[in-house]
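Peer 1: Knowing the structure of chain A, use the given hints to seat chain B on it.
Number of protein chains: 2
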Amino acid sequence: MDLYGAIEGGGTKFVCAIGDSSGKIIEKIKISTQAPEITSQEIISFFKQHPIKKLGIGCFGPLDLNKNSATYGSITSTPKPGWSGFNILRTLKQALNVEVILDTDVNGAALGEYYWGLSKQIKNLVYITIGTGIGAGILVNGETVKGLLHPEAGHMFISQRKDDNFEGTCPFHGNLCFEGLANGPAIKNRWHVEHFSSLEKDHPAVDLEAHYIAMALVNIICTCSPELIIIGGGVTDQKALLPKVREKTVKLLNGYVRHDRIEKEIDKYIILPTLNENSGIMGALTLAII
Amino acid sequence: MDLYGAIEGGGTKFVCAIGDSSGKIIEKIKISTQAPEITSQEIISFFKQHPIKKLGIGCFGPLDLNKNSATYGSITSTPKPGWSGFNILRTLKQALNVEVILDTDVNGAALGEYYWGLSKQIKNLVYITIGTGIGAGILVNGETVKGLLHPEAGHMFISQRKDDNFEGTCPFHGNLCFEGLANGPAIKNRWHVEHFSSLEKDHPAVDLEAHYIAMALVNIICTCSPELIIIGGGVTDQKALLPKVREKTVKLLNGYVRHDRIEKEIDKYIILPTLNENSGIMGALTLAII
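Protein chains in written order, with our numbering: chain A, 1 to 290; chain B, 1 to 290.
Take these hints with a grain of salt, some might be off.
Since copy identity is lost for identical chains, a pair holds within one copy or between any two.
Stated by the list, open to error - Mimicking EDC-like on lysine to aspartate or glutamate, the simulated pairs with C-alpha atoms at most 20 Å apart in a straight line are: (1) Lys67 with Asp260; (2) Lys48 with Glu27; (3) Lys123 with Glu143; (4) Lys67 with Glu227; (5) Lys251 with Glu167; (6) Lys123 with Asp267; (7) Lys201 with Asp267; (8) Lys188 with Glu167; (9) Lys239 with Asp207.
The hints are simulated quantities; they were obtained by calculation from the structure and are not laboratory data.
Chain A on its own, in the form it takes in the complex (with noise of 0.2 Å):
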């Protein structure tokens, strides 16, 4: 049977698979993100001793996805030192001979979740994963959303709520964006607490971010019109937080949008990755496969 490769390229940590077509994973290793030529070195090594057909790559971006553009294949203007402007899809091609497929982390992640997660039939849906970032992977008609670049949905514009005044985490957007007024930095320097998920459930502190994702889910039901919404990242260990992320989504949409799946079945329309952690790596897999 041929063998696939799968990486999931984060900030932390870089995640190599050797996969089948079934599905199955033969053989899995972490590699510790350091600097790009040394990462790739290691990850050029691990695939050299298992040969591949094909290797699906889900990586940390902004990348640059535009098959017609001279940079085709590298990570844009991170902040991460050293790897803005690296090309990995030509790095990794070069080096193994095989043909290489990227997209971010979040696309793989949602495309993962369509391929062997619950949802195989649902052709339309969204991950966000909410942590130290917030972003989304969307596919719509089964294909991962990559156009003018890839969705950036955690620099949508939400609203402050009123009874807030943090000046936002975002570099670039201050408390004007969602990952400005939600993401893990902003709930530690708000509330000063170390970790989100041993507050009590009734605390503001998950009210209030409840809130902020719910706004967000809003204009993600507005726009991409996903059939299923798969929510992961750090803040879900806070186990009260989807509660109340479903119960103010339906309210804030306030009937406007009616579909069963939101007004009878909002539990299994917002939910956590049913791949749990592997939704990452099973969808770098998946774009080596299709």
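Peer 2: Then chain B, alone, in the frame of chain A:
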């Protein structure tokens, strides 16, 4: 040559046309929107006189576009008297005995611009209309977005500017959503002006309207990542609006989404419809052809 039917269904009029696959319109009529039984009879009479191979309809919504739904093809919860629950697709399919393809008016317009406009090579684009209502048609990878429902971009949440205390026009979301803050009636009621188009270019109404549109565009860019944004509808009669929208979109993005289309070619990125008044009817024809 085969002939195709096209309908652009609006709240005040229905445009019906016959065309061929080269995009030539052979016959076109306008029917005023009355009760659905009356209007549909007039539509049927027209098409019975001109045999067609297939019929495409771009219609006001919300619509049920889910092929597995019992009410597939119907207009759902519109306030338009008599039209709520009317199954336009089934009615015309049965009367004319042809295949009927239904999509929203704005998805149709987006498709028309893609297929017949300057943007032929651009598979990811957004068509926004801002008038009495606000709607957006969204094309991803050359296909219109239809998921849980369809885009309802007028109801995405943006943030009210601090110097604006207007209560909003949206019966569902007040001044929380784009439509509530920025549709035609919002301009009229906030500024007590009859004709937005006749205001001087430095009138604060123009600045505020451009600000809200730019916020919505940022959200669309951060979710759907369009390669082209087309703005139509009544507000564009105000000639000072579009240049301000472009300027404010770049300013609000604040260097985050980096691309020449935004940084150097914003005049080509945010444009008026290339098909002028015909995006909708040409889009309906496209639905029938493709």
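Peer 1: Pop the pair Lys67 and Glu227 into one bin, within, between, both or neither, using alpha-carbon distances up to 20 Å.
Peer 2: between (29 Å within a copy, 14 Å between copies)
Peer 1: Measure nothing new, just compare the shortest in-copy and cross-copy C-alpha distances for Lys201 and Asp267 to 20 Å and report within, between, both or neither.
Peer 2: Intra 18 Å, inter 49 Å, cutoff 20 Å: intra-copy only.
Peer 1: Since the copies are identical, ignore which copy is meant and state whether Lys123 and Asp267 lie within 20 Å (CA to CA) inside a copy, between copies, both or neither.
Peer 2: within (19 Å within a copy, 34 Å between copies)
Peer 1: I want to check one pair: Lys188 and Glu167. Are their C-alpha atoms no more than 20 Å apart within a copy, between two copies, both, or neither?
Peer 2: within (13 Å within a copy, 33 Å between copies)
Peer 1: Within a copy, between copies, both or neither: where do Lys67 and Asp260 come within 20 Å Cα-Cα?
Peer 2: between (40 Å within a copy, 15 Å between copies)
Peer 1: Can you tell me if Lys239 and Asp207 fall within 20 Å by alpha carbon in one copy, between copies, both or neither?
Peer 2: This pair counts as within: shortest intra-copy Cα distance 12 Å, inter-copy 43 Å.
Peer 1: I want to check one pair: Lys123 and Glu143. Are their C-alpha atoms no more than 20 Å apart within a copy, between two copies, both, or neither?
Peer 2: both (8 Å within a copy, 13 Å between copies)
Peer 1: Classify it for me, Lys48 with Glu27: is the Cα-Cα distance of at most 20 Å met within a copy, between copies, both or neither?
Peer 2: within (13 Å within a copy, 64 Å between copies)
Peer 1: Please sort Lys251 with Glu167 into within, between, both or neither, judging by C-alpha distance up to 20 Å.
Peer 2: Close across copies (19 Å), not inside one copy (26 Å); limit 20 Å.
When held up to the earlier numbered hints, the structure conflicts with none and fits them all.
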